[in-house]
Each structure stands twice: as C-alpha cells, then as structure tokens.
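> Read top to bottom, the protein sequences are chains A and B.
With the first letter of the first sequence counted as 1, position 123 gets the number 122 in numbering that gives the first Met the number 0; the numbers rise by one all the way through.
With the first letter of the second sequence counted as 1, position 84 gets the number 83 in numbering that gives the first Met the number 0; the numbers rise by one all the way through.
Treat the hints with caution; some may be incorrect.
[To be verified] 20 Å max Cα-Cα, derived SDA-like pairs, lysine to any residue:
id: 1; chain 1: B; residue 1: K88; chain 2: A; residue 2: N115
id: 2; chain 1: A; residue 1: K114; chain 2: B; residue 2: P70
id: 3; chain 1: B; residue 1: K88; chain 2: A; residue 2: V213
id: 4; chain 1: B; residue 1: K41; chain 2: B; residue 2: P70
id: 5; chain 1: A; residue 1: K114; chain 2: B; residue 2: L111
id: 6; chain 1: B; residue 1: K88; chain 2: A; residue 2: L18
id: 7; chain 1: A; residue 1: K68; chain 2: A; residue 2: L156
id: 8; chain 1: B; residue 1: K73; chain 2: A; residue 2: F216
id: 9; chain 1: B; residue 1: K21; chain 2: B; residue 2: L111
[What the hints assert, rightly or not] Footprint (simulated), chain B over chain A, 3 or more residues, beta carbon under 8 Å:
id: 10; segment: 59-69
id: 11; segment: 112-126
id: 12; segment: 163-172
These are computed hints drawn from the structure, not numbers from a lab.
The beta carbon of each residue, even a glycine, is placed where N, CA and C say it ideally should be.
So the chains spell out like this:
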Amino acid sequence: MPQANTSSIFSKGNPPKALKGFGHINRYLDRTRNKYSAKILPGEYYVTMEDEYIATVLGSCVSACIRDKVVGIGGMNHFMLPKSAEEKGGKAAMLSEAARYGSYAMEHMINDILKNGGKRENLEVKITGGGRIIANMTNIGQQNIAFVREYIKTEGLLLLGEDVGDIYPRKVLYHPKTGKVNIKKLRSMHNDTVQAREKEYLATLDQKPVIGDVELF
Amino acid sequence: MASILTVDDSASMRQMIAMTLKGAGHDVQEACDGAEALKIAKANKFNLVVTDINMPNMDGIELTKELRSLPDYKFIPILTLTTESSADKKTEGKAAGATGWIVKPFNPEQLLATVTKVLG
Numbered sequence: 000m001p002q003a004n005t006s007s008i009f010s011k012g013n014p015p016k017a018l019k020g021f022g023h024i025n026r027y028l029d030r031t032r033n034k035y036s037a038k039i040l041p042g043e044y045y046v047t048m049e050d051e052y053i054a055t056v057l058g059s060c061v062s063a064c065i066r067d068k069v070v071g072i073g074g075m076n077h078f079m080l081p082k083s084a085e086e087k088g089g090k091a092a093m094l095s096e097a098a099r100y101g102s103y104a105m106e107h108m109i110n111d112i113l114k115n116g117g118k119r120e121n122l123e124v125k126i127t128g129g130g131r132i133i134a135n136m137t138n139i140g141q142q143n144i145a146f147v148r149e150y151i152k153t154e155g156l157l158l159l160g161e162d163v164g165d166i167y168p169r170k171v172l173y174h175p176k177t178g179k180v181n182i183k184k185l186r187s188m189h190n191d192t193v194q195a196r197e198k199e200y201l202a203t204l205d206q207k208p209v210i211g212d213v214e215l216f
Numbered sequence: 000m001a002s003i004l005t006v007d008d009s010a011s012m013r014q015m016i017a018m019t020l021k022g023a024g025h026d027v028q029e030a031c032d033g034a035e036a037l038k039i040a041k042a043n044k045f046n047l048v049v050t051d052i053n054m055p056n057m058d059g060i061e062l063t064k065e066l067r068s069l070p071d072y073k074f075i076p077i078l079t080l081t082t083e084s085s086a087d088k089k090t091e092g093k094a095a096g097a098t099g100w101i102v103k104p105f106n107p108e109q110l111l112a113t114v115t116k117v118l119g
C-alpha cells in the first residue's frame, strides 16, 4: 500500500478534481489511507487520473479494474448481466441482451479511459466479484465471470489477475495509480444491503432493458 | 442486400454488429479505426458505413468528414453507433455529414430497421 499523502489538498478537505461526467459520484475521505475514495454502486463506474481510490461492495456482480499503466489513468465498474445471460448457444448468446449490455458496460468505461489519454495497448485488467452469495439461487455470479473473461479475451486485453467466484461478498478498493486492488471477503454481513441493492439493480435491468436512442438527421 | 463497412475499435462490438448485419443477408467488412476504414473505403464502394465515434488514429467524426469529401461517399448513408449521447456530439456528427445517430447498447432489430430505412 502506498504511503499516505498528506498534501494540503487533503487537509483542506477537497477531493481531487473529478473528470468530466463523474462529478455525481460520491467521494469520501478514507482516513486510514488519508486519500479520497469514490464509492460506486451497481450499474456505476468511475474513472480517474488522480491519486485516489475507487471502492465498492460486490455480491454476484463483477468489477473490472482497468488502467493504462503508462499514462496513469484507470477506472472500475460494477455491473451484472440481465437475466437473458441464461440463453444458450453461439449466435443467440453473442447477440443476447445480456452480452450487449455487458459489452456496453465495459466499453463505456474503456472509452472514458481512452478519451482522457489512455491507450488501448497499455491497458491492464484485474477482475473480481461474481460470488454465489445466495444459496440455491441460479449462479448468476458465474455467468457474470464467464462474460467478463470472454470479453477480455475477445478484446485482446491483458488480464493481470482475478479473484472471482466463491460464496462471499467482497469489499473492493482499487487504486488506479498503482494498479493495486485490495479485496476483503465479507464472511459475515450485518445486514442484507448488498443483496437488496443487487436485486433492485437486476430488477431494473430486467424491467427496463437499456437500449440506446436512434435519431435520423 | 447491401455492402456495408462497420468501423469500431472494440472487437466484440465489431463481431456483434457484423453478425447482426450478415444475419440479414448484408455483405459486411470490418475496420478497427477511422484510418483503416478510410483505406478500405477507398479500395471498395460500400452502400453504407456504420461507424463508432471514439477510436484511435482517426475518430468517427473525422472519418465521416473524410468520406464525404470522396465522390463515392458523398451521398451514401453514414450511421454512427456510439456510447456518446450528448447533444453536442450529435451536432458535431450531423455537421460532419452523418445520416443518423444510434446510441449503444444497440438492439439488433432496431439497428436492422434503421439500416433498411436509410438504404431506402
């Protein structure tokens, strides 16, 4: 873990400047590390070129932590596939709503990294999440893991490491400047907030599929 | 059946777009950025170009402008298919000569319906 930065910007209580489009993400001062941390929820992502962390808690959702190790810009997302991931077979699976939504979730973040100076050939990826946190439930965590692995392979991205599967939720802290990912498996939960948030997110995806607009000029 | 050039720096996106268009009987060629697309476009004569916006080497806006300066591509439809949804970007695309703007994630049926419409 890098040493705490005690520069004046932190003592004033100001988080580093957020990149365009990320001003709405909640950031808090992590007093243990004396750095700011952006907290992302299911369906969100955050990209930064500053010396700050990105935090989330994953149940069956997955996060891809992606950075350009040369330029020093990176981000983390937090998503799961809609239920149609259960569709089987080549063509149907590849063009399913699930695959299209998953690709969108990955591409959107990668585009923001590239738009802010990152280069595709410098990108390195770590993935985590996809836990089977509810027993007897369809293993949607595994479907999320399979998708993100396949995506990384198709895109030719460098997968540096993964901590996926198992039965526990994970508290994840990513530091794009160094590429370090801290993962804490939560063996006991005080409440069902993680499950409730993921269920709500999944219900939103299933009820209102995300489809972009079409406009003819 | 039309001859279509699809341009995207994401390999998985190119696969999905090509599969959708080929499934409807179109002949599809792929390019991974604007510079490669321009080279392929000059060596062929496509009926339609479907391009992403954010790409290395040459982005979709620049590609659209370059294509519009070529006699073979002055009037053919050019659709943008992108994660960009801001009004500013759309205005920029329209000024460059784009025929339409589709925001990702795309729906295959919706893409095919738009393609049919712009091909007339």
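> Decide, hint by hint, whether the structure agrees.
Hint check:
no.	hint	result
1	K88/B / N115/A	16 Å, holds
2	K114/A / P70/B	31 Å, violated
3	K88/B / V213/A	14 Å, holds
4	K41/B / P70/B	10 Å, holds
5	K114/A / L111/B	29 Å, violated
6	K88/B / L18/A	18 Å, holds
7	K68/A / L156/A	13 Å, holds
8	K73/B / F216/A	16 Å, holds
9	K21/B / L111/B	10 Å, holds
10	59-69	violated (count 0)
11	112-126	holds (count 4)
12	163-172	violated (count 0)
Violated hints, in rising order: 2, 5, 10, 12; the structure is consistent with all others.
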